[in-house]
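Participant: Spelled out from the first residue to the last, the chains are:
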Amino acid sequence: MPSDDSQRVLRVQTVLYRDELKQLWRLVRGLDAAARKVIDAGLVGRVEWVLGDSSPSPAINAKDPQLMLAATSTGLSDVTYEFFGANLGSSGGQNRLAEGHSCDLLLVLNPDTYPSPTALLELVKALDPPHVGIVEARQLPLEHPREYDLVTGETSWASGFCMLVRQKVFDELGGFDDEHFLLHCDDVDFSWRARAAGYGVVVAPYAAVFHDKRPSPNDAWPTPDHEVYHSTLGRLMLAKRWGRPDIVEETITLVEADSSEVRHAALDEFRARSSAGRVPSLQSDSGKIAQFVDGEYARHRF
Amino acid sequence: MVSMPDIASEQSTGPHYDFSFAWNSPYGHVVELLKRLDLERGAILDLGCGVSPIAGPLSELGYDYVGVDIDREALERLSQHGIEGHELDLGQTDELAGRLLELAGGRRVAAVLLLDVIEHMPETRPFLAAVREALELLGRPPLLVSVPNVTHADVAAKLIFGKWDYTPTGLLDRTHLQFFSGERLDAEARACGLLELGAHDFKLRDSDQHFPSDHPALSAPSPIAQTIRVWRDAADPHGETIQFIRAFAPCDVQEQPSETSSTNVATGQRPLTVVVRTQGKRPTNLREALTCLAAQTFDDFDVLLMVHSSDPEVVLPLVTTLVEDFDQTFASRVEIVHVAGGRRARPLNEALARLHSDYVAFLDDDDMVMANWVESFVDAGGDGAIVRSVAAVRHVSAPLESQRVPFVVQSSLEFRYDLDFDLVHHLWGNETPICTFAVPSHLIEVFDLRFDEGLPVLEDWEFLVRCALLAPVRDTRKVTSIYQMWLAGESSASLHEVELWQATQRVLQDRTNQRPLVLPAGASDRLVEMCEQLAEVDKVRGDVLRAREETQLQAEKVGELVDELDVVWKELEKVRRDYTVTINSRRWRVLGPLARAASIVHRLRHFL
Chain F
1 MPSDDSQRVL
11 RVQTVLYRDE
21 LKQLWRLVRG
31 LDAAARKVID
41 AGLVGRVEWV
51 LGDSSPSPAI
61 NAKDPQLMLA
71 ATSTGLSDVT
81 YEFFGANLGS
91 SGGQNRLAEG
101 HSCDLLLVLN
111 PDTYPSPTAL
121 LELVKALDPP
131 HVGIVEARQL
141 PLEHPREYDL
151 VTGETSWASG
161 FCMLVRQKVF
171 DELGGFDDEH
181 FLLHCDDVDF
191 SWRARAAGYG
201 VVVAPYAAVF
211 HDKRPSPNDA
221 WPTPDHEVYH
231 STLGRLMLAK
241 RWGRPDIVEE
251 TITLVEADSS
261 EVRHAALDEF
271 RARSSAGRVP
281 SLQSDSGKIA
291 QFVDGEYARH
301 RF
Chain E
1 MVSMPDIASE
11 QSTGPHYDFS
21 FAWNSPYGHV
31 VELLKRLDLE
41 RGAILDLGCG
51 VSPIAGPLSE
61 LGYDYVGVDI
71 DREALERLSQ
81 HGIEGHELDL
91 GQTDELAGRL
101 LELAGGRRVA
111 AVLLLDVIEH
121 MPETRPFLAA
131 VREALELLGR
141 PPLLVSVPNV
151 THADVAAKLI
161 FGKWDYTPTG
171 LLDRTHLQFF
181 SGERLDAEAR
191 ACGLLELGAH
201 DFKLRDSDQH
211 FPSDHPALSA
221 PSPIAQTIRV
231 WRDAADPHGE
241 TIQFIRAFAP
251 CDVQEQPSET
261 SSTNVATGQR
271 PLTVVVRTQG
281 KRPTNLREAL
291 TCLAAQTFDD
301 FDVLLMVHSS
311 DPEVVLPLVT
321 TLVEDFDQTF
331 ASRVEIVHVA
341 GGRRARPLNE
351 ALARLHSDYV
361 AFLDDDDMVM
371 ANWVESFVDA
381 GGDGAIVRSV
391 AAVRHVSAPL
401 ESQRVPFVVQ
411 SSLEFRYDLD
421 FDLVHHLWGN
431 ETPICTFAVP
441 SHLIEVFDLR
451 FDEGLPVLED
461 WEFLVRCALL
471 APVRDTRKVT
481 SIYQMWLAGE
491 SSASLHEVEL
501 WQATQRVLQD
511 RTNQRPLVLP
521 AGASDRLVEM
531 CEQLAEVDKV
541 RGDVLRAREE
551 TQLQAEKVGE
561 LVDELDVVWK
571 ELEKVRRDYT
581 VTINSRRWRV
591 LGPLARAASI
601 VHRLRHFL
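Protein sequences, first through last, are from chains F and E. Letter by letter, the first sequence follows residues 1 to 302 in the working numbering. Letter by letter, the second sequence follows residues 1 to 608 in the working numbering.
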């Protein structure tokens, strides 16, 4: 990492899956303004945005990145796009985008977001203490209920909707575990491995990033099938790695009692992977890091 | 040319006007307005003067009165009273300016009067243009006009019921060729280069059109009449105006208003304006609220950022920088407006006066919205309907000094508000926070709607109910915003005592109760349902009361039994005491064994 902060490169990585172009235009405008702010503050010298596409067919036109750059080039230095030709999931997509690229700071960012103008500035500032490896933005308008220290920002894990990581930490950890966590719990596992390696994971409360989530009136959050599937499978994988056979058994019992075919499919996949030895190996010191609290991976405030 | 003969003029075939002067009359108001203008003395040209009822009062004020009319008979009467009069056909507009200059004869003209004249002219604008030209030649004296108001509540009420009653004189004088509202008079004057200097309109609650007075549209106790009056009064201040009494100054500006009457209706440049209210004290909250707006899925809206602050030198630069930090496509749609003074409603009202969109929605800087907030309003808008979405509630608090957070979220979302708007329910309390409704700008224009600046709290509820009594409400049935309730710190919910909210609520309920109420279709069922529930509650209450009475009766009986038992107990006690005394007595101890033996002998004998 350059000693002079103003020379640092911040690389923003976004993985797409059938996202609308309009949504990306919304994001690039916010991202460009936030990039300008963090550069003006002298905390980084360059911000580039790279899009990776896991869709069955390209979600955007090949010229769109340059059109976006031309329309918003006050903060972003570059916008590039890569069509994967396969669904790598969020974790695999992020790993692919990070391969072979050198930067100082890496921001994992969802496509359905809009950073506030000071978001990047606050994220980078929160990453300043040397022991901090990962910083998560505060989600608008629906704040994540996960508990974090209101003084230090320390928390159990950081959500991948908007997560800033030191590149060297990302490399040291080998990126996300895309072999076992395709869509869900990849961020939890990544955070816990970072903490196991001695890095702090913190929330930056002043780094506000809008995340396009919409509640329904009866308090039921509409969850698509693929999220149900991957959250179930992810939980089983996570409990396996982090030394909680009781959680594995509990989850299996709950899924078996559940009428959801999607959950049953996830359980079948887990059993098949277990038989084939394709489940995570036990993480050392898992007991000191992992938190399984009331079905969540951290204590929740509400 | 208008002719206003004396009522005594029996030869006249036209209407008979009795325009004797009185201060409490349109003529009196003209003289009063002239006095207020405090003009330099000179000649006053009274065009279409008729029998000149104001010649005397004006002469007494020191003006040289000059009557002008086409009616020779009227002029003859002027002459008999020693009043200067000239014959002139005002309808000859191409000659008007020159003829007036001629008859002024070099005198300084202090003012020109057009009292009950304009409405008799076949074409308003050419006539006023000719008058305007004459004013120019005469040295630009002010023009005073008196014009009947065809939009008086009596006329409006009767028209609803298909009645349009011409009369020999009055508001619907059968010789009127043109009809005027306040809006039209203003527009015509502006179009002819006449700028309003002052007004002293003549008003009467009951006009000459107030007949038959027992008609349900007119009868004061009638709910229909009351409702029409409320609506009419809400639209503009001229529901009781009989005559517009206005003074105009010639000016150079000539506007060309639309030929339609709705000249002030918003042109709808954008579908929506979002009014954001801030004091600038919570920049992080404001930034986050604006971030929510910048992230909307539908971005064809503009933002009026109303900065309500007594310290603009400090706050405005901060807010300006905060807005400029956003991407230009959003920042360019934000207009920052400083607002000084007043209570919570002042910035909202200043925003309402600046609308250039089809709809207006409101957002406080500590509330947040989902990405489809604007889109939902716009999609459901149209047909003059108020659009209502739903807010989730979240409790938040200010951080402790040691905590490095802008605020602390204390609860998950609560879904406490009804999905469907219920006007009857809203008469009791609010189910629609300010961030959950959008009002058509046209409705605001038509009724000149504003928030009540006198209210310390609940100004949004009062505004919404007033709107909802005038326009339909369409529900999106979507949760699109988060209404944040502060457990501590600065917010309306925490700064004001609960008592204040409750007292204001009661005041507003009383205020609504003072007015007739028109409910939308479907409300009857709601009321019936509520009455049925009330009847059920009454029945249960009656059952409870009866059960309580029965219990009381039973308790009384138990009490009586206890009393009786007490008596028996006392008797038993007495027997026991007597027994003890007897047993322990000397006599019993001596004779007792003998008595028991005698008793045994006695019983044995009985068996033998």
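Any given hint could be a false lead.
What the hints assert, rightly or not - Okay, the calculated beta carbon distance ranges per label pair:
#, chain 1, residue 1, chain 2, residue 2, range
1, E, GLY542, F, ASN218, 43 to 51 Å
2, F, LYS288, E, GLU335, 32 to 40 Å
3, F, ALA257, E, LYS539, 39 to 47 Å
4, F, SER284, E, ASP379, 35 to 43 Å
5, F, GLU296, E, GLU497, 49 to 57 Å
Unchecked claim - Over 12 Å on every C-beta distance to chain F, these chain E residues come out as not near it, computed from the model:
#, residue
6, GLN80
7, GLU183
8, HIS395
Since the hints were derived computationally from the structure, they do not count as laboratory data. Just so it is clear, CB atoms sit at the ideal spot from N, CA and C, and this is done for glycine as well.
Participant: Decide, hint by hint, whether the structure agrees.
Facilitator: Here is how each hint holds up against the structure:
no.: 1; hint: GLY542(E) with ASN218(F): 43 to 51 Å; verdict: 37 Å, violated
no.: 2; hint: LYS288(F) with GLU335(E): 32 to 40 Å; verdict: 54 Å, violated
no.: 3; hint: ALA257(F) with LYS539(E): 39 to 47 Å; verdict: 45 Å, holds
no.: 4; hint: SER284(F) with ASP379(E): 35 to 43 Å; verdict: 54 Å, violated
no.: 5; hint: GLU296(F) with GLU497(E): 49 to 57 Å; verdict: 38 Å, violated
no.: 6; hint: GLN80; verdict: 83 Å, holds
no.: 7; hint: GLU183; verdict: 42 Å, holds
no.: 8; hint: HIS395; verdict: 9 Å, violated
Of the hints listed earlier, those the structure fails to meet are numbers 1, 2, 4, 5, 8, in rising order.
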